[in-house]
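K.L.:
Residue strings, one per chain:
Protein chains: 2
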Amino acid sequence: MEVTRQNFKECLSTVYSAIDEADFLAIDGEFSGISDGPNVSALTNGLDTPEERYTKLKKHSMDFLMFQFGLCTFKYDQEKSKYIIKPFNFYVFPKPFSRTSPDIKFICQSSSIDFLASQGFDFNKVFGHGIPYLNQEEEAQLREQTEERRNQHANGLGTPSFISPSSKGPAHVPDEQKDFINKVVEKVEALFSGAGKTLDLDPCTGFQRKLIYQTLSWKFPKGLHVETLETEKKERFIQISKVDEEERRRREQQKLEKEQEELNNAVGFSRVIHAISKSGKLVVGHNMLLDVMHTIHQFYCPLPEDLQDFKEVTMCVFPRLLDTKLMASTQPFKELINNTSLAELEKQVKEAPFKPPCFETAEGFPSYDTAQEQLHEAGYDAFITGLCFVSMANHLGSFLTPPKAYISPRSKLIEPFFNKLFLMRIIDIPYLNITGPDLQPKRDHVLYVTFPKEWKTSDLYQLFSAFGNIQVSWIDDTSAFVSLSQTDQVQIAMNTSRYAESYKIQTYADYIQGKQQEKEKLGQSAKSWGEDCWVRPHYSSSTGFGYPRRKRSISPIQGEQGGEGAPTCDGWNNYSFPDGTGSKKMKFEDLGGKANVEAVESKTSEGWLKMTESSYSAESSPVPDTKSPEGTEPGSCADGTATWHQTPTVQGRKGQKSKKKKSDASESTTSLFEVPEVW
Amino acid sequence: MEVTRQNFKECLSTVYSAIDEADFLAIDGEFSGISDGPNVSALTNGLDTPEERYTKLKKHSMDFLMFQFGLCTFKYDQEKSKYIIKPFNFYVFPKPFSRTSPDIKFICQSSSIDFLASQGFDFNKVFGHGIPYLNQEEEAQLREQTEERRNQHANGLGTPSFISPSSKGPAHVPDEQKDFINKVVEKVEALFSGAGKTLDLDPCTGFQRKLIYQTLSWKFPKGLHVETLETEKKERFIQISKVDEEERRRREQQKLEKEQEELNNAVGFSRVIHAISKSGKLVVGHNMLLDVMHTIHQFYCPLPEDLQDFKEVTMCVFPRLLDTKLMASTQPFKELINNTSLAELEKQVKEAPFKPPCFETAEGFPSYDTAQEQLHEAGYDAFITGLCFVSMANHLGSFLTPPKAYISPRSKLIEPFFNKLFLMRIIDIPYLNITGPDLQPKRDHVLYVTFPKEWKTSDLYQLFSAFGNIQVSWIDDTSAFVSLSQTDQVQIAMNTSRYAESYKIQTYADYIQGKQQEKEKLGQSAKSWGEDCWVRPHYSSSTGFGYPRRKRSISPIQGEQGGEGAPTCDGWNNYSFPDGTGSKKMKFEDLGGKANVEAVESKTSEGWLKMTESSYSAESSPVPDTKSPEGTEPGSCADGTATWHQTPTVQGRKGQKSKKKKSDASESTTSLFEVPEVW
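Which chain is which? The protein sequence lines are A and B, in order.
In this text, residue positions in the first sequence follow full-length UniProt numbering: the first is 1, and each later residue adds one.
In this text, residue positions in the second sequence follow full-length UniProt numbering: the first is 1, and each later residue adds one.
Hints in this document: simulated from the structure, not taken from any laboratory.
Honestly, I wouldn't trust all of these hints.
Identical chains blur together in the list; that is why a pair holds if it fits in one copy or across any two.
Claimed, not checked - Capping the alpha-carbon separation at 30 Å, the derived lysine-lysine pairs in BS3-like fashion look like this: (1) Lys222 to Lys456; (2) Lys234 to Lys456; (3) Lys210 to Lys9; (4) Lys178 to Lys519; (5) Lys234 to Lys258; (6) Lys442 to Lys58; (7) Lys258 to Lys210; (8) Lys233 to Lys350; (9) Lys456 to Lys178; (10) Lys278 to Lys519; (11) Lys242 to Lys355; (12) Lys233 to Lys255; (13) Lys59 to Lys453; (14) Lys234 to Lys347; (15) Lys210 to Lys456; (16) Lys355 to Lys233; (17) Lys347 to Lys233; (18) Lys197 to Lys504; (19) Lys197 to Lys187; (20) Lys234 to Lys355; (21) Lys456 to Lys255; (22) Lys56 to Lys82; (23) Lys219 to Lys504.
On a predicted model such as this, the values are computed, not experimentally measured, just so you know.
I would like the entire structure built from these sequences, with the hints used as guidance.
P.N.:
Here it is in structure tokens:
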């Protein structure tokens with residue numbers, strides 16, 4: 001269902017009930033650009049730490065605009081044994097609410113815009129009919145302003161923008177305006193004595209309107225209603241009405257209601273995000289880190305400086321996330337899927353060993369045809385993301401004894417994938433762990449090299465030619481990470497470079513330590529985020545109209561084009577992989593088989609294990625489970641939705657395996673990306 | 001005529017000939033925003049110096065995109081006694097030329113986008129089919145790259161991006177790729193011995209393609225043509241063809257021609273601007289400063305730091321400019337026109353004492369209907385701007401004896417308006433003088449006041465209540481200019497403030513001096529602009545793909561909405577004008593009647609007089625005059641086009657008046673805005 005400013009209000013209840021009844025939600029965003037700064041390969045260095053990546057994305061991507069938001073709700077129908085889906089495609093645009101509301105600026109990246117245009121994206125719909133929105137702070141301020149205006153209004157007829165608190169006396173009318181004002185007063189006196197109820201003055205300047213308001217408020221404190229209206233030509237004029245007390249109150253009430261409605265209109269699309277957030281339902285996305293960042297940034301609050309704070313905000317807004325790109329790149333799926341781009345994934349999960357998911361589009365919703373790809377329409381992308389999730393989730397059921405064809409999104413089998421967001425193009429950290437510490441792979445084989453800006457990749461190859469295959473990850477013009485294939489070569493390389501003048505080599509550990517010290521020297525400002533969460537961001541409002549003057553927005557469109565995440569010739573070039581077939585798969589194999597064998601920190605393993613062991617029961621779940629048929633309908637076990645009831649068995653088994661894994665953790669990371677072997 | 005990427009090439013000759021034959025050109029641009037920074041009223045402080053204004057516009061407006069360019073050519077048809085017009089509406093978009101070309105980012109301002117959307121602006125046409133363009137530096141670099149690639153290509157088959165200068169030996173093929181490469185070599189050997197002419201390899205990775213190029217270049221230095229092509233699915237594969245020397249040369253030639261064409265396509269819309277520039281014709285615009293700045297910025301070079309340099313660049317690109325907003329605000333028109341917004345001006349110049357201009361749309365061009373306003377489409381705005389110019393120019397003919405109904409755009413009567421670009425919302429400097437020093441009004445009655453950021457306009461009123469009417473021009477949160485109505489109050493105000501702690505008052509002169517000293521302390525970098533003009537801007541290319549990585553673009557849409565230039569309640573509020581009628585007119589009256597009486601510096605007057613006195617003959621004119629009928633056709637005097645022949649009389653008269661003016665200059669500025677009284 002396409003939702004614009006024109007039909008938003010009438011669609012809202014449909015959206016709310018779709019979210020309410022859903023078993024899970026899939027989302028996707030389309031953006032006006034990806035990276036405002038270094039080129040994408042520099043933005044996504046293969047050896048970024050999660051903190052560095054977050055900081056880069058925040059800095060270089062949040063000024064873009066998310067202008068299309070796709071939501072597809074999935075509700076499982078037990079009787080039909082299929083999902084009933086409701087896809088929504090929202091066009092979103094920060095149309096200024098009034099002349100005094102913030103005038104958002106956003107960046108467009110011509111390559112992204114060009115790409116979307118080539119996909120038939122309708123910019124006219126976005127810019128002409130996009131649904132407005134406010135973030136939490138803007139909404140609070142608008143409510144405050146409305147409240148203030150209301151209070152001021154209660155004290156007289158004045159429009160607050162013209163009445164300064166000090167001007168309670170008669171207006172100071174400049175000589176040249178006296179005639180004009182006197183004539184207005186005469187007309188109003190005539191209105192009082194005459195039979196007419198209303199008087200329309202001629203259009204006049206803002207200054208004159210101010211004088212009129214002040215003068216009338218002083219001369220006729222009762223019995224008048226004064227209002228500024230606009231002619232068809234957008235000229236502003238004053239309308240004066242004679243009113244008795246009852247009429248005045250009626251008008252007040254009308255005005256109140258109108259204001260409330262305008263306020264809701266201004267909050268606009270943010271209300272949909274609030275509903276998603278409040279539902280606490282599982283939110284599925286594909287390569288969704290940027291989607292999550294943008295959603296929070298546009299509809300909640302500016303992103304916090306610190307990654308840890310971001311994780312906390314994210315958990316407030318989206319308590320349960322699942323990234324299908326991460327899922328597809330992880331055991332047991334990574335063996336089956338060699339290209340995790342959304343379009344390819346969608347094709348692969350329709351074929352054996354996967355089963356194409358059964359679904360039906362709800363009545364009244366236009367149905368998408370997956371054969372006729374409508375990729376890069378957010379609603380469609382959300383829809384197929386949800387399908388991919390369903391296929392993969394159900395595939396997990398085949399490992400159970402007896403096998404199950406349907407796995408509920410509330411099943412424990414899915415848990416290991418919760419709240420881990422895929423990290424694009426990081427060699428040894430596949431995901432950002434929203435609910436715990438991130439993986440800290442050892443990078444003993446990595447060197448930090450600085451050199452003259454004339455150097456090219458070939459120069460680095462030449463320099464390290466004695467030390468076997470290398471991988472170069474450019475940082476900027478004059479520095480790069482060089483990963484050696486053999487860690488024992490590191491010390492030798494360091495030794496030979498000792499007297500070099502044109503370049504300098506540091507171990508990765510030294511580099512990180514240096515950065516840390518630099519950061520400490522800069523004396524980071526005290527944190528104040530964690531406690532209040534996003535509701536009261538610790539950004540002080542800057543000047544202007546009471547709104548912070550800043551740009552908002554962002555987006556990852558291109559990442560999904562073709563072999564994203566694959567070693568391309570731009571950032572990753574010249575690294576010879578063991579085999580030259582798959583793209584994403586290649587990366588993970590490389591990762592599992594090489595550098596990362598000893599990369600797991602016990603801290604992380606514990607986090608992982610804790611998560612899979614934590615009891616996850618309907619009681620403690622934030623998901624309102626009342627509408628779920630699980631355990632309430634007899635025979636509902638048939639298709640595997642009744643996972644809850646099997647908990648004891650499953651947990652017992654898992655417990656065993658988990659113990660085993662704990663002792664294995666330091667031996668191999670591959671287990672990290674496997675779904676725990678509970679079946 | 002609507003011109004997009006799709007019909008640009010076929011329209012280009014039509015555009016060229018329209019420019020060639022025209023008597024004058026009118027232009028207009030539409031932009032993605034106006035001000036990226038302070039709100040517009042802060043951006044356009046009423047007491048800006050021209051330097052300050054230029055710096056602000058450059059800083060806060062150039063990151064927007066000019067995405068529609070209107071050109072309307074006007075050619076006078078002697079026989080029909082009317083103008084033949086050819087309107088063009090170009091959609092412009094910086095579509096990246098290739099994967100390595102600059103990926104332009106531009107800012108959109110939601111109020112501007114919202115406004116254009118409400119006017120039915122077609123964003124899909126801009127983003128989907130906009131004509132690409134390059135500035136001079138980008139074009140030069142692209143030509144250089146092409147040249148380089150050509151030279152490298154001449155030395156072998158390698159694609160330069162894969163062949164580093166050092167790798168002349170056999171390619172280093174990693175072990176795991178050896179099988180793959182050996183198979184390719186076998187296939188090529190089979191191609192040589194077989195009957196087939198062409199061999200398509202399977203799609204493979206960039207790294208593998210690199211290895212193939214290197215290996216084949218080494219093993220088969222002759223007789224092969226190797227090319228990378230794309231499948232329909234955008235997968236890249238290598239095609240190898242057997243070629244003899246003649247075939248090879250033919251392919252080279254084809255490739256050369258294709259490259260040349262691609263290069264021209266990439267330069268795209270800039271070619272239109274080059275043609276306008278080369279023609280040297282009079283270019284008319286309405287409130288055109290931002291149009292000129294954007295045009296130079298997008299299609300020629302980044303704008304210089306310094307205003308003087310900007311003026312020089314402008315004269316290189318547009319040797320003769322005329323701003324109809326400035327013309328309409330100047331004698332003898334300012335008495336006749338009380339609203340100089342384009343829409344209002346267009347209406348007024350159709351009515352007495354003006355005569356609606358006679359025109360006819362050239363065959364093959366869709367004709368605009370001025371009754372059905374299509375304002376804010378650049379082509380239409382350019383068109384009516386031209387009409388306004390024609391009406392006003394012809395009106396000048398009514399002052400001649402005998403009166404003339406037609407005044408040529410080459411007439412001396414127009415000269416006083418040349419190269420003076422309207423300055424929005426500056427109280428006492430109506431225009432930027434592109435070909436001379438700017439007006440330097442005295443600002444003895446102006447005070448620079450700093451205060452706590454809680455202060456509002458009312459606080460300033462209170463503070464200065466003893467000194468008569470004031471005008472407040474906000475600079476930022478904590479400072480403003482306060483203009484007193486009586487200069488003799490300045491010293492008293494200064495004295496009373498001496499011991500104030502919460503605020504501080506400086507005279508305007510002191511303020512300017514302080515700023516100047518600050519600037520000198522910062523030690524401005526040496527100028528290098530003036531001499532080379534724009535062809536070689538003194539910006540060194542930054543890193544990246546050989547293109548400077550920067551954003552380009554901009555725009556003044558809103559300025560033309562409603563009473564632009566008028567004292568509104570935002571920036572100018574609370575200043576009581578002598579009368580409350582017209583808007584623009586009001587400003588100028590205020591200016592003439594008040595502060596500015598002694599504002600003319602003799603330097604400026606001389607500039608003005610020099611300009612009006614300079615002899616302006618067809619010989620010295622850069623306008624190719626061959627097609628002009630003036631003086632060549634007998635009887636052409638009838639409608640006033642033969643102004644040239646009256647030169648002696650006119651000059652004699654003008655000389656007299658000019659002398660008078662020289663002595664008057666220090667008494668009244670109003671004469672500054674009058675067309676010299678040559679009639």
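K.L.:
Taking the hints in turn, state whether each one holds.
P.N.:
Here is what the structure says about each hint:
no. : hint             : verdict
1   : Lys222 to Lys456 : between (80 Å within a copy, 29 Å between copies)
2   : Lys234 to Lys456 : between (60 Å within a copy, 28 Å between copies)
3   : Lys210 to Lys9   : neither (35 Å within a copy, 56 Å between copies)
4   : Lys178 to Lys519 : neither (64 Å within a copy, 46 Å between copies)
5   : Lys234 to Lys258 : within (20 Å within a copy, 53 Å between copies)
6   : Lys442 to Lys58  : within (25 Å within a copy, 48 Å between copies)
7   : Lys258 to Lys210 : within (23 Å within a copy, 66 Å between copies)
8   : Lys233 to Lys350 : between (58 Å within a copy, 20 Å between copies)
9   : Lys456 to Lys178 : between (77 Å within a copy, 25 Å between copies)
10  : Lys278 to Lys519 : neither (37 Å within a copy, 55 Å between copies)
11  : Lys242 to Lys355 : neither (73 Å within a copy, 47 Å between copies)
12  : Lys233 to Lys255 : within (24 Å within a copy, 58 Å between copies)
13  : Lys59 to Lys453  : both (24 Å within a copy, 29 Å between copies)
14  : Lys234 to Lys347 : between (54 Å within a copy, 17 Å between copies)
15  : Lys210 to Lys456 : between (67 Å within a copy, 16 Å between copies)
16  : Lys355 to Lys233 : between (61 Å within a copy, 26 Å between copies)
17  : Lys347 to Lys233 : between (55 Å within a copy, 15 Å between copies)
18  : Lys197 to Lys504 : neither (86 Å within a copy, 51 Å between copies)
19  : Lys197 to Lys187 : within (12 Å within a copy, 95 Å between copies)
20  : Lys234 to Lys355 : between (60 Å within a copy, 28 Å between copies)
21  : Lys456 to Lys255 : between (67 Å within a copy, 28 Å between copies)
22  : Lys56 to Lys82   : neither (41 Å within a copy, 61 Å between copies)
23  : Lys219 to Lys504 : neither (81 Å within a copy, 37 Å between copies)
In summary, the structure is inconsistent with hints 3, 4, 10, 11, 18, 22 and 23 from the numbered list given earlier, while agreeing with the others.
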